[in-house]
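Enquirer: Line order of the protein sequences matches chains R and Y.
For the first sequence, position 102 (counting from the first letter as 1) is numbered 102 according to the working numbering, and the numbering increases by one without interruption.
Remember, the working numbering sits 171 above the position in the second sequence when you count from 1.
A hint or two may mislead.
Facing chain Y, according to a computed beta carbon distance under 10 Å, are these residues of chain R, among others [what the hints assert, rightly or not]:
(1) 26
(2) 88
(3) 117
(4) 135
(5) 155
(6) 165
Quick caveat, the hints were computed from the structure, so don't treat them as lab data.
Note that the Cβ used here is the ideal one computed from N, Cα and C, for glycine as well.
2 protein chains.
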Amino acid sequence: MKRTKIYEGKILGLSVYDGKLEGRKVRREVIEHRGAAAMLAFDEDEKVILVKQNRFPHGDVLEIPAGTLEKREEPIKCAFRELEEETGYTAKKMTLLITYYPSIGYNAEIIHCFLASGLKKTSNLKLDEDEILSVVKMDLKKVISMIKTGKIQDSKTICAVLTYAAKKKLY
Amino acid sequence: MKRTKIYEGKILGLSVYDGKLEGRKVRREVIEHRGAAAMLAFDEDEKVILVKQNRFPHGDVLEIPAGTLEKREEPIKCAFRELEEETGYTAKKMTLLITYYPSIGYNAEIIHCFLASGLKKTSNLKLDEDEILSVVKMDLKKVISMIKTGKIQDSKTICAVLTYAAKKKLY
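Bound conformation, chain R alone (with noise of 0.2 Å):
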């Protein structure tokens, strides 16, 4: 496929692909991106811990804690360090919960879900010049409820709590 680059930004990168797709002529608009992680972490009082930040252009929004990889850091390692950025808490360890892609059909972008274990708070927020957040504590059923009831509709909170509930076979 012929490679025309459109945009390099700071979080996501845009190019243009023309090419043959078993053997039929296709173009193929495809997101760059360097991957997310993404933290269901539950607090001291087993409480799940959510950020609320305003998402431009969707307004107020609650999702789990995450953040986009730095250049070739590993998954792991984000989670680690933007539990600790976005919510003041260092886990003990982090899990492998699920890995999928948010938009497959043009987007690059690969989220990472760990759970995230032996919590502890530990410091203040330490947010990006341009993060605007606030962190929420709720009870997993209500996090599920509110699921269940489309109050949440961020892919990254859906995938790693319902993938929690089933591997625990919740509910």
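Chain R is already provided as a structure; the job is to place chain Y on it using the hints.
Expert: What follows is chain Y alone, placed relative to chain R:
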């Protein structure tokens, strides 16, 4: 926010927004997308109808049938249309299962997942000229186990199947 249009393509666009959110100077790269419909459909034998297609750059991917909304197309109309085009089945009814954002941080795409019922095989596939796919039928249990073991990594398949399972209190 000041919008700078970078690209307008076949399935997506890209704009960069500069401005202030809650008093902070921010830049946001936003993928523009019309949105999509995805369908969890069971055939006459209660098998889940999946499609297998070559998703550049990911290779062969197993996923539930789905498609991008046409201009001003209702999500439910898109669901009926795409199910028939991609699988040759018509559905009597489409019930909204979940609506979610695949990459809420930078992508405007919203995916509407429907439960398709009253299926009947009526025609052959009507694929877009650059669409290359085949139909695969599978027990729901097998699909859930492929999600849990990381063999299915497509967000709409994970979100639709696990939300359906959670609502039905399966496993």
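Enquirer: All hints, please: hold or fail.
Expert: Hints, verified against the model:
1. For residue 26(R), the suggested interface contact is upheld, since its CB lies about 4 Å from the closest CB of chain Y, less than 10 Å.
2. With its C-beta approaching chain Y no nearer than about 20 Å, residue 88(R) sits outside the 10 Å limit, and its interface hint is violated.
3. For residue 117(R), the interface hint is violated, the least distance from its beta-carbon to any beta-carbon of chain Y being 19 Å, above 10 Å.
4. A least Cβ separation of about 16 Å between residue 135(R) and chain Y goes past the 10 Å threshold, and the interface hint is therefore violated.
5. Taken as an interface hint, residue 155(R) checks out: its beta carbon lies about 5 Å from the nearest beta carbon of chain Y, inside 10 Å.
6. Among the interface hints, the one on residue 165(R) holds; its C-beta lies about 7 Å from the nearest C-beta in chain Y, closer than the 10 Å criterion.
Comparing the model with each earlier hint shows violations of hints 2, 3 and 4; every other hint is respected.
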